[in-house]
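Kindly generate the complete structure, drawing on both the sequences and the hints.
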Amino acid sequence: MARKILKSYEYKPAKLNRGYTRKSLYINVGDLSVQAKDISQMMIDKFVGGKGFDLYYLWHATLPETKWDDPENEIVMSAGPLGGMTQYSGTGKTLVCGISPMTGIPIDSNVGGYYGPLLKFSGWDALELQGKSDKDLVIFIDGNKGLIQIEEDDGLPEDTHLLNEKLTEEYAEDEDDKVNISVVCTGSAAPHIRFGMLNFSFYDPRRKTCRVKQAARGGLGTILRDKKIKALVVKFKGVKPNLNDVADISTINKIGVKYAKEMHDLDQKQNGIRKIGTANTVAIMNKYDLLPTRNFQAGGDPEAVKIYPQVFIDNFITQGIHDGCWYGCTMSCAKTADHFKLLTGPYKGQCVTVDGPEYECVAGLGANLGVFDPRAILEENFYCDTYGVDLISFATCLAFVMECFERGQINLENTGGLDLHFGNSESVLEILHQMSRGEGFGVIVGQGTRRCKQIFVEKFGADPKLLQDIGMEVKGLEYAEYCHKESLAQQGGFALTNKGPQHDEAWLIFMDQVNKQIPSFEDKADALYYYPMFRTWFGLCGLCKLPWNDIVPADNGKTDDPAKVPEHVQNYVDIFNAVTGKSIDKDELIRQSERVYNFQRVFSVRMGHGTRAEDYPPYRSLGPVSKEEYLSRQEMYDKQIREVHGKDPESLSIEEKMLIQRKHRENQFEKLMDAVYKRRGWTNEGVPTAEHLASIGMDLPELLEVLETHENKEK
Amino acid sequence: MKILAHKQEICTGCRNCEEACADFYFKRTDRNYSSIRITNNDNTFHATKCTQCGECINMCTSNAIYRDRLGVVRIDKNKCVGCLGCVGFCSELSMFYADDLPVPFKCVACNVCVKACPEGALEILVSKVKE
Chain C
0 MARKILKSYE YKPAKLNRGY TRKSLYINVG DLSVQAKDIS QMMIDKFVGG KGFDLYYLWH
60 ATLPETKWDD PENEIVMSAG PLGGMTQYSG TGKTLVCGIS PMTGIPIDSN VGGYYGPLLK
120 FSGWDALELQ GKSDKDLVIF IDGNKGLIQI EEDDGLPEDT HLLNEKLTEE YAEDEDDKVN
180 ISVVCTGSAA PHIRFGMLNF SFYDPRRKTC RVKQAARGGL GTILRDKKIK ALVVKFKGVK
240 PNLNDVADIS TINKIGVKYA KEMHDLDQKQ NGIRKIGTAN TVAIMNKYDL LPTRNFQAGG
300 DPEAVKIYPQ VFIDNFITQG IHDGCWYGCT MSCAKTADHF KLLTGPYKGQ CVTVDGPEYE
360 CVAGLGANLG VFDPRAILEE NFYCDTYGVD LISFATCLAF VMECFERGQI NLENTGGLDL
420 HFGNSESVLE ILHQMSRGEG FGVIVGQGTR RCKQIFVEKF GADPKLLQDI GMEVKGLEYA
480 EYCHKESLAQ QGGFALTNKG PQHDEAWLIF MDQVNKQIPS FEDKADALYY YPMFRTWFGL
540 CGLCKLPWND IVPADNGKTD DPAKVPEHVQ NYVDIFNAVT GKSIDKDELI RQSERVYNFQ
600 RVFSVRMGHG TRAEDYPPYR SLGPVSKEEY LSRQEMYDKQ IREVHGKDPE SLSIEEKMLI
660 QRKHRENQFE KLMDAVYKRR GWTNEGVPTA EHLASIGMDL PELLEVLETH ENKEK
Chain V
0 MKILAHKQEI CTGCRNCEEA CADFYFKRTD RNYSSIRITN NDNTFHATKC TQCGECINMC
60 TSNAIYRDRL GVVRIDKNKC VGCLGCVGFC SELSMFYADD LPVPFKCVAC NVCVKACPEG
120 ALEILVSKVK E
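Line by line, the protein sequences are chains C and V.
Counted from 1, the first sequence has number 322 at position 323 by numbering that gives the first Met the number 0; the numbering is strictly sequential.
Counted from 1, the second sequence has number 21 at position 22 by numbering that gives the first Met the number 0; the numbering is strictly sequential.
Note that these hints are calculated values from the structure, not bench results.
Owing to the predicted nature of the structure, the values given are computational and were not obtained by experimental measurement.
Heads up, the beta-carbon is just placed ideally off N, CA and C, and yes, glycines get one too.
One or more of the hints may lead you astray.
Under the rule of at most 20 Å between Cα atoms (straight-line distance), these lysine to aspartate or glutamate pairs were calculated in the EDC-like manner [unchecked claim]:
id : chain 1 : residue 1 : chain 2 : residue 2
1  : C       : Lys260    : V       : Glu91
2  : C       : Lys165    : C       : Asp176
3  : C       : Lys257    : V       : Asp99
4  : C       : Lys253    : V       : Asp98
5  : C       : Lys257    : V       : Asp98
6  : C       : Lys260    : V       : Glu54
7  : V       : Lys76     : C       : Glu174
8  : C       : Lys36     : C       : Glu9
9  : V       : Lys76     : C       : Asp173
10 : C       : Lys253    : V       : Asp29
11 : C       : Lys236    : V       : Asp75
12 : V       : Lys78     : C       : Asp176
13 : V       : Lys78     : C       : Asp175
14 : C       : Lys268    : V       : Glu54
15 : C       : Lys257    : V       : Glu91
16 : C       : Lys257    : V       : Glu54
17 : V       : Lys76     : C       : Asp176
18 : C       : Lys239    : V       : Asp99
19 : C       : Lys260    : V       : Asp98
20 : C       : Lys239    : V       : Asp98
21 : V       : Lys76     : C       : Asp175
22 : V       : Lys78     : C       : Asp173
Counterexamples of contact, computed for chain V against chain C with all Cβ distances above 10 Å [stated by the list, open to error]:
id : residue
23 : Arg14
24 : Glu18
25 : Asn39
26 : Val107
27 : Ser126
In structure tokens:
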């Protein structure tokens, strides 16, 4: 390696105590300054760690008017106090935040891979990256030596799978040392699109290749390349069970072994995650009319059997070896298709390891694009990853674009000759290759759904009302891949979120639509209070959500509240206390999240967003936009007309029935908003009140000032 | 392939084997540090110890468990991160851990307990099939 070193910074790695180093690292890539900051007790008490620390730093680094590509915008990442423990599944997550190129407000993304834990063991609870460089940089942290080097790129590859292998090879002393390296980077598409994502690597000693997990949502990779950071590399040798210097190792060991045994005994009987990861749910979603198909028009398709989990298990996915994205994760969901031969693009003919497919990949790049070809899905998956493309935003945006094409809103001339009928996987892949090359229609798609709507209307003469109805985004962020028209609670679960519609905050479809457990507005509001708060907590602590409820104890069904998985909630409470030495209970757990959740909402308000006006979903989320959609579920919709509205569907035209449905569903959503805001302690405009902030111990002066300014503006 | 075998019909439950194992590997008298555990079911004594089945090898999250040239399943202490996943995943319940040890431990068919058994209830079986 002969890269020019632009800056060297030596430090003494802080020792961990009770899950914290109490130090954070600040790097400005504009002036190459490096600074070690102390993490205060207030930060630990109010923000816990992970996403909490990220948002705190981001708030203080930016201004209300900061745009994503301003130098003061930051990429902040942190593993959280539980991050890096090895005895419980899903404890290696890094939380990453920044002002999003998609939404203009803070985005947070939760990612596996080794970077966050190794960063923490190198002495840093958090890392802030600010400024903009004029040349491409690699930032290397050696946690054993206590050394930070900012290096000038000497022609490293752009795409993730090549860049990771090269950097891992360069910084590792030998084959055994490669597991001690983790790289954060994006790919060649990121500079040309808004939803560029971050790949976090870990070395797989069995496959002898770098694997990746993604901080995918909201364009964090786009910010990385805007700052001209090519890659972050951390090296730390010596991961051991108690590097966190926990308060009570015995409890942690006991709970960890109990959980591992549960996984051993029950996974095969429950979700089979160890075999196929999250893609196990594709068949279930199709069966329950929830698999988004052709831009969320339908909730499944007979052809979906071609992309069922068993197809991937039988033909593509390596079985029987460990596939976790951090040590100790027995859920082992990070599956791969090995020796996969690519048929298109710059790597055509090469055999690669594809990380995936996860559920969102099969649903998004498959059913939602009308692609029922498992091979094509895996190839799309690979190129999204290596080019640095958030496959959820890509899939949901392209599904919208394809529907626009099918409905004649855009044509071949507009797409540069690309036939974008649903199911055309060749065109899907070509769009991806265009994003990588920064040319053609792919660059327009890469601007995301919100901007595509504007471009199609202004430049191609498309119908703005139709596009508003079928473009599946809220706040500028694309929906995750679940068809949810018949679940009011999930409509709120997507739209009434801080960062935009994702599946990180709430997944209530089964509780609501299938099991009918939350019938009233108050019930739904309760769920839209509890679950977003509970799930935020994973992001504060450096945890993965999957081990919470993708397996449940054998007797979970007999508990008071099976949907909450009470035994696992108690595991988390006990582990948190055992690591930190604190003594929280399950209510304080929610309170910890609530503080940060409200902080994030006020952060959006501070930036001129975060109000009711921006929480409205497109109508495709709520009900049937087109006649075809109505007809596809006519029996159900007609029944609703008869039972809910007391009208005879036979005497009404489809247009009339659609109008009745629409008015009703939009009205229901308004009522849901009222109930949810009230339950969350917010005004009817969706803004947290000063009283509520005080009641949860989050009445920090900077937040109250924002509320006051907002109130004055409203007056 | 080497496996520790236990003859239930001879075993008197004296548990000398446990003591010998804990003492040899960890210099402890505490049986919780033994890789063989004797339990009494109505005066029939059952020995919990590794069958060298190797189920833990592929599930190991740090690729630290391997089969040596004699077929014995072993833990590479340098690679092991002490996640204890193998403890939960052992169908024989014969992967053990202790809170003050950084890595789990298991029977490696070493013969120490065989020598300590006054009744001759333990023996090392060597099969010719090398896995």
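**Study point:** Hint numbers not upheld by this structure, sorted from lowest to highest
**Key:** none
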